[in-house]
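Construct the entire structure; sequences and hints are all you get.
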Amino acid sequence: MRSNNPESVKLYNLKVKSTTLSKQLKYEKNEQKRAELESELWEVESEIDMIYTAREGEAHIKWLLSEFGEDVFPDRD
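Taking UniProt numbering, I'd label the letters of the sequence shown as residues 1 to 77.
There's no promise every hint is true.
Said to hold, decoys possible - Below, computed lysine-lysine pairings styled on DSSO-like, alpha-carbon distance capped at 30 Å:
hint : residue 1 : residue 2
1    : 26        : 10
2    : 10        : 62
3    : 15        : 29
4    : 62        : 29
5    : 33        : 23
6    : 33        : 62
7    : 33        : 17
8    : 29        : 17
9    : 15        : 26
As the list claims (entries may be wrong) - Simulated restraints on C-beta separations:
hint : residue 1 : residue 2 : range
10   : 27        : 51        : 24 to 32 Å
11   : 62        : 32        : 42 to 50 Å
12   : 64        : 24        : 36 to 44 Å
13   : 20        : 62        : 29 to 37 Å
14   : 9         : 42        : 21 to 29 Å
15   : 27        : 60        : 39 to 47 Å
None of these hints come from the bench; they were simulated from the model.
Note that CB positions come from ideal geometry on N, CA and C, so glycine has one too.
Below is the structure:
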């Protein structure tokens, strides 16, 4: 079953782009073009990591709220 969640679609597209760039990088001989591909690949992989980090953070917050309720973030006064 496919997800229509915009974040999931974006993640899928980024993974496809990452795979494509990796394949291009593997066969590229020109050093300047290779450097450009490496830079673009690094940016795509960083964006993928940010999405996964955000998901982990959201999951952790949801777990805290389910375990401790709204008192997870008490006032510090």
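Outcome of the hint check:
1. 26 with 10: This hinted pair holds, its Cα atoms lying about 24 Å apart.
2. 10 with 62: 23 Å, holds
3. 15 with 29: 23 Å, holds
4. 62 with 29: 48 Å, violated
5. 33 with 23: With Cα atoms ~13 Å apart, residue 33 and residue 23 stay inside 30 Å; holds.
6. 33 with 62: 44 Å, violated
7. 33 with 17: 16 Å, holds
8. 29 with 17: 20 Å, holds
9. 15 with 26: The hint holds at about 17 Å.
10. 27 with 51: 24 to 32 Å: Distance hint for residue 27, residue 51 holds at roughly 28 Å.
11. 62 with 32: 42 to 50 Å: 46 Å, holds
12. 64 with 24: 36 to 44 Å: 42 Å, holds
13. 20 with 62: 29 to 37 Å: 34 Å, holds
14. 9 with 42: 21 to 29 Å: 22 Å, holds
15. 27 with 60: 39 to 47 Å: 41 Å, holds
Consistency note: the structure conflicts with the earlier hints numbered 4, 6.
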